[in-house]
Each structure stands twice: as C-alpha cells, then as structure tokens.
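Chemist: Here are the chains, one letter per residue:
Number of protein chains: 2
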Amino acid sequence: MPYKAISGIGEFGLIDKIAALAEPTLQAVPELLKGMGDDCAIYQPSGKLRQVATTDLLCEQVHFDLLTTPLNHLGSKAISVNVSDICAMNAFPRYALVSIAIPPSFSTEMVEAIYSGVSHAAKEYGLAIAGGDTSASRSGLIISVTMIGEVEEEMLTERSGAKPGELICVTGSLGGAAAGLKLLMREKAIMLEHFENNEPYNKNVMADLHEYSEAIQSQLLPLARLDIVRLLHSRNIRPTSMIDISDGLSSELHHICHHSKTGALIHESRVPISASTRRIADELQDDAITWALTGGEEYQLLFTIPKEEYELIDDLKEISVIGEMTDPDSGVYLSDIYGMRIDLSSIRGFDHFGG
Amino acid sequence: MPYKAISGIGEFGLIDKIAALAEPTLQAVPELLKGMGDDCAIYQPSGKLRQVATTDLLCEQVHFDLLTTPLNHLGSKAISVNVSDICAMNAFPRYALVSIAIPPSFSTEMVEAIYSGVSHAAKEYGLAIAGGDTSASRSGLIISVTMIGEVEEEMLTERSGAKPGELICVTGSLGGAAAGLKLLMREKAIMLEHFENNEPYNKNVMADLHEYSEAIQSQLLPLARLDIVRLLHSRNIRPTSMIDISDGLSSELHHICHHSKTGALIHESRVPISASTRRIADELQDDAITWALTGGEEYQLLFTIPKEEYELIDDLKEISVIGEMTDPDSGVYLSDIYGMRIDLSSIRGFDHFGG
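Line by line, the protein sequences give chains C and D.
Be aware that the first sequence starts at 2, since it is given in this note's numbering, and climbs by one per residue.
Be aware that the second sequence starts at 2, since it is given in this note's numbering, and climbs by one per residue.
Calculated directly from the structure, the hints in this document are not laboratory data.
Be aware that one or more of the hints could be misleading.
Because identical chains cannot be distinguished in the list, a pair is counted as satisfied if it fits within a single copy or across any two copies.
[To be verified] Restricting the straight-line Cα-Cα distance to at most 30 Å, the calculated cross-link-like pairs of lysine-lysine (DSS-like) are:
#1 Lys18 <-> Lys262
#2 Lys164 <-> Lys49
#3 Lys189 <-> Lys262
#4 Lys35 <-> Lys124
#5 Lys308 <-> Lys164
#6 Lys262 <-> Lys35
#7 Lys164 <-> Lys318
#8 Lys35 <-> Lys49
#9 Lys183 <-> Lys308
#10 Lys5 <-> Lys318
#11 Lys35 <-> Lys308
#12 Lys164 <-> Lys183
#13 Lys18 <-> Lys164
#14 Lys5 <-> Lys18
#15 Lys49 <-> Lys124
#16 Lys35 <-> Lys164
#17 Lys308 <-> Lys318
#18 Lys124 <-> Lys164
#19 Lys5 <-> Lys124
#20 Lys35 <-> Lys18
#21 Lys124 <-> Lys308
Just chain C, same shape as in the assembly (with noise of 0.2 Å):
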C-alpha cells in the first residue's frame, strides 16, 4: 500500500477523500437532502414512522487489534455493530454518521481503506452515510459510528414485551465469533514470537487459516441480520421482544427476562453450533457451549415469539427455537446434555471495566 502523508493533503483534503466515498451510499436514501458539506446532514422523515437511534464507539486495543484486523474489514463492522442494534429494533437502517480519530502513523491511504469498507457495508444494507468528525488522535485509533433508523409503531420491538411461555429463538449459530478470537489471538501470538525472535518474514510461519475461515470471518466481518428483519416484516411477525447478541447469549438473554420482568429456560442441546465451531474448540481445547454463551460480538438476534406463532417461522434454518420464557420466580436456566439445570446468573459476558 502507498503511504501518503494525510499532513499533504490536509483535513479538507481528507474529508473530500471522504465524502466521494460516501457519496454512492446516497442514492440508497431520498429522503437524505443534504450529506457532508454543511454544518449537519439535513434529512426529511417521515412523520408516520417511529425513529430510533444508537451509537457505537470502537477503541483500539479494546475493541480490535490492528495486528490482525484488516482496516476495510474494520470499517465494515464499525456499521455492522450499528445495523445489529437497528436490527434489534426490528427496524431498518437509514442513517449514519461516522467518526474516526486517527493516530499519527496513519496514511491518507489507511484512511481511505476504513471508509471504503464503512461505505461498501452501507450500500449494502441500503443506508446513507450522512456526515461525521475527522480528528487527529495521539494515542490509538477510534472510529464512533451514530446510526438512525425508522420502523411502523406496530412493528418496532424493545426488550421488554416478553411473557411467561413464549418461545425462545436464536438467528444463525453462535460461538463462531470466539472461535475466531482465540484464532487470531493464537496467530498473533506466534507472529509476536517470530518477531521478538528477529526472524526474518516467513509467511509459512502462519497458520494456513483457509480452513478456519467461517469463524475468523464472524468475527472480523460480522453481518448484521437485517435479512431477518426483512423476513419478520414479510411475514408480519412482530417478536414480543428482540436483542442482539452483542454480549453473549447468557447475558442477553438475562437483559430480555429484566425487561420483561420473566424468567427463561434454555437447552444446550438446542443453542445452535456450527460444526465449524465446534471442531475448532476440540481443537483449542475449548468449550462451544461456554463460547456460545459468553463469547461476544456475535450480532445474532435473540427474540420471543407467542407459541401460537411457532408454524410462522418452523421452515426457517436460520432460526432456533432454543427454549422458553418463564415466570419471574424461575431465574434464567440452561438444561444441559444431562438434562442437570445450570444457573446462567454466575454465566454473564464481557464487561469493559472488568466489574
């Protein structure tokens, strides 16, 4: 990659840079009537849709490491994480503002590569980057991302409808995106060896990841479910609450029964683990049931449903029915392979100060 110096071009040179690459995801939204170039994006909604809107903050060497971390890939994620809490909503993506602050050691190029992977996943999921922030950084790289959606009132969801006997469902399969934590983290460390070793360049020093490319995508390049979105609507399905798995299905699944004011019963035999998956556990040692509990990122939905409803989506492989709300009084339990009840309240997710 060339390395131009961004103090070159300078900051109106790089937000130019910028606003052409965010320029094709326009046509995507009408109702976006001005993007860049002012002192705000100015946009029209629509007074019968409710709005909805969250940001996300993404903090080297808290959230990624770019040692392995591909900058286009980051830059496509850095929206995923938004559309999945638009998602999470049952709503659709419509805007977004994108912020970056950069370290010095940063390239105009560098630059250019995080925003065309933020603007290749935005045309894919049909929304417009609207505006953002440039802004030296003089420690790590931090990219904030704002996302605005809109959704019909009788569709939108929240966390907090859930009741007692409701079915319990999952998008996808989980425990992918620790899979491919722990891939990279094995990877960077050998990388890390070889270096401090003063070896020279050896690409065979690496694993061959081909064969790993499932988990290490899920959790580089996640997708954000808006195709199930688009099939809730198409079906007029409204879960009675909806989250997404940014934490770990145990913790989620606990903020559902907090909202809802319910307790849940789930069966390990019915959370969904791709073979991939599992395979790589074997390999590291590890445990797909405690990554697909814990393991963050992940960006499925967790969502409930009345029984009444189970034959609207029993032809569906991309959703579980993995159990059942309960009563208040129940606690959140998994029933394992033995069918012995485990309390998830001591199995929750990350916590970014460690608390």
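Given chain C, put chain D in place with the hints provided.
Modeler: Coordinates of chain D only, in the frame set by chain C:
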C-alpha cells in the same frame, strides 16, 4: 473528590449512574418515547419538520488538556459544540447520544462529573440525552456526541445561499476563546515548571485568573448561540447562509463564500472584540484581530442577510454587521484600520493534520 474504582461497580453499574444523570433531561422532549435502556433510543419525529444531524469527537491532548479543564466543563462543552452546529442550520436541538471512552485512571466520580456537565448543558438547551455508549480506553479520554435537531423547512439555513451585496453578520464578540487558551497554556507552563522543580504545592504560584474569567469561560465553557436562533425565529428572519465559528472567522467566511460562490469584504474596525480580549492581547504582546480571524472554538454564528433586512437586526447589540458579500471574482478580503486590503486566503484556521 472521592475515588470509587469503576471495576467496583462494573459496566452496568456505571451505565445506571449515567442513565440517572440523563433522566432529568428527558422531560424537555415529549416526542422521546424511550431513552437509555434498549438497543436504541426511540422517538417520534414530526413529518412536518426537517431533521438535521451532526457529530463531534473530542479527543484528549487534541481538543482538551485535563490539566486545565474541569471535567464538568468538558461535558458541557461536548454538548455546546454540537448545539452550535445545529444552531448554524437555524434549527433547534432535540436529541443527543453521548459516547465516552474512559482511560484506566478514571474513577466513577470522574465519569459522573463529565455527565453532570453533559446533563446540565442539555437542560439549559432543552434537549434530551437519549442514549450513548461507554467503553474502556487504553489511552486518552474520548467523548463523541451526536445530536439531532429539527426545524421548519422554510427556516432551514445552509451555507450556500449568500449573494453579492448581502450583509455579513456575526454574533457576540470574537477572539475570547483564543485569549483564554493562551492564558491557560501560560498557567500550565508555570504549573509544570513548579512540578519539575519539586516545589511543594502553593496556590499563590498561579495567577489570580478572576480578572480573566470572561476569556477563560469562552475557552472552557462556551455557549452555543441558541438564543440567537430563537431571536431569528421570533423575528421571522431566515439568514441566506449561516455557519458557526469553530475554526476562526477567516476560515468560516471562506466556507460560506465557497458554498455560495461569492467573494466577501469585511472591515477590521467592525469585527467585534471585547475590551477584555484586547487587554489580554496587549498583556501577552499578541494581536487580538489575529485571534478573531484564526482563533478556533469561538462558537459564535456568522451569517448573511439581504440589505433590506438590516432594520430587523439593527437594535440588537449581540449582532454586528462586519462587511458585505461581493462577486466571486473579488476574493475574500479584510480592510484593515488603515484601509489596506488584506487577502484572507492566506489567513486560515486550524488544521488537525497540519496540512
């Protein structure tokens, strides 16, 4: 200030404290249906109004220095700089999402101090803190705020509508924020020298800053000119173009000329500079008009109106007419106090990347 480690209350404990500080801001905006606590904030836009959205990233050591910045002021400023962008569209701020990346050295009380400032400012401006994100930071403190505002289509003001012959107006006085920054840098240098010499703490080593309070407040606790937007609406004035002065008068005037395809001529003698700013410039042997032309973070409004509307603002001491728009071929000039014309294209504001 007591020191409670964030790890002691955990991420969700911290979010609860932040939500409690945001809560008093919610009642100002009845269209907000849900603030923090779900995957997204939810609100009901009016289809009759245009929405505008902006975002600003504040990075430690780039935008602020914790040695000279009280944390609650920093929280207020993070809100004000976004309100200022909304005001620059002649719009009213409604919702804010506030994200923060917190360094390992920060206590719960320090985070609460920042959000106290956020909440206080939000109440003053009548906007709701509708959501946000918290993260650990491996390096400096980062605050990212996104704000959504609303305005009737017929009052919305962009940068692009100025025409030759129109009057150039500016609110308040300029140069104060630059004066405040110079003073704080001087005090910081004295403080650091004192530390390096291992001298015991002695508050008399610091200047009595009371006499400089206007300038220091301009820098640390700027106010967005929402009062001016209210005034413009009450008099049914829609400026032909408007921008807020975040990078210095000269730079912002160039933006308006670029977007409106005009030139401009302003008069040094009419640029509003307070007596206190002039006194500080004399004391520091610096130049107040240079501060006014190039000093960032002023957060006054720069706008244009047709000559026929002069009588609508003539009585307002907070608005100064400093010149008029000219043909695009005439360039952007300052007529100094001796009547000499100075080309402002060589006098621009701050570039984050030193380009």
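Chemist: Each hint: holds or not?
Modeler: Hints versus structure:
Only between protomers do Lys18 and Lys262 lie at most 30 Å apart by alpha-carbon distance; the minimum there is 21 Å, versus 49 Å within a single protomer. Proximity of Lys164 to Lys49 under the C-alpha cut-off of 30 Å is restricted to the intra-copy arrangement: shortest distance 28 Å within a copy versus 37 Å between copies. Taking the shortest alpha-carbon separations for Lys189 and Lys262, neither the intra-copy value of 43 Å nor the inter-copy value of 53 Å comes in at or below 30 Å. Taking the shortest Cα distances, Lys35 and Lys124 sit within 30 Å of each other both inside one copy (17 Å) and across copies (29 Å).
Taking CA atoms no more than 30 Å apart as the test, Lys308 paired with Lys164 passes inside one copy only; the shortest distance there is 11 Å, against 65 Å between copies. Within a single copy, Lys262 and Lys35 get their C-alpha atoms only as close as 43 Å, which misses the 30 Å cut-off; across copies the closest is 18 Å, which meets it. Taking identical chains as interchangeable, the C-alpha atoms of Lys164 and Lys318 lie at most 30 Å apart only when both belong to the same chain, with a minimum of 24 Å there against 61 Å between chains. Both within a single protomer and between protomers do Lys35 and Lys49 lie at most 30 Å apart by alpha-carbon distance, with minima of 21 Å and 17 Å respectively.
Within a single copy, Lys183 and Lys308 get their C-alpha atoms no closer than 37 Å, and across copies no closer than 67 Å, so neither meets the 30 Å cut-off. When the C-alpha separation of Lys5 and Lys318 is checked against a cutoff of 30 Å, the pair qualifies neither within a copy, at 48 Å, nor between copies, at 48 Å. For a Cα distance limit of 30 Å, the shortest separation of Lys35 from Lys308 across copies, 28 Å, qualifies, whereas the shortest one inside one copy, 45 Å, does not. Taking the closest pair of Cα atoms, Lys164 and Lys183 never come within 30 Å of each other, the shortest separation being 36 Å inside a single copy and 61 Å across copies.
Taking the shortest Cα distances, Lys18 and Lys164 sit within 30 Å of each other only across copies (28 Å), while inside one copy they are farther apart (50 Å). For the identical chains of this complex, Lys5 and Lys18 are intra-copy neighbours only, at 13 Å inside a copy versus 44 Å across copies, given an alpha-carbon limit of 30 Å. In this assembly of identical chains, the alpha carbons of Lys49 and Lys124 lie at most 30 Å apart whether taken from the same copy (25 Å) or from different copies (28 Å). In this assembly of identical chains, the alpha carbons of Lys35 and Lys164 lie at most 30 Å apart only when taken from different copies (20 Å versus 43 Å within one copy).
Taking CA atoms no more than 30 Å apart as the test, Lys308 paired with Lys318 passes inside one copy only; the shortest distance there is 18 Å, against 68 Å between copies. Within a single copy, Lys124 and Lys164 get their C-alpha atoms no closer than 37 Å, and across copies no closer than 37 Å, so neither meets the 30 Å cut-off. Taking CA atoms no more than 30 Å apart as the test, Lys5 paired with Lys124 passes inside one copy only; the shortest distance there is 27 Å, against 45 Å between copies. With identical chains, the CA atoms of Lys35 and Lys18 are at most 30 Å apart within one copy only, with a shortest distance of 17 Å there and 37 Å across copies.
When the C-alpha separation of Lys124 and Lys308 is checked against a cutoff of 30 Å, the pair qualifies neither within a copy, at 36 Å, nor between copies, at 45 Å.
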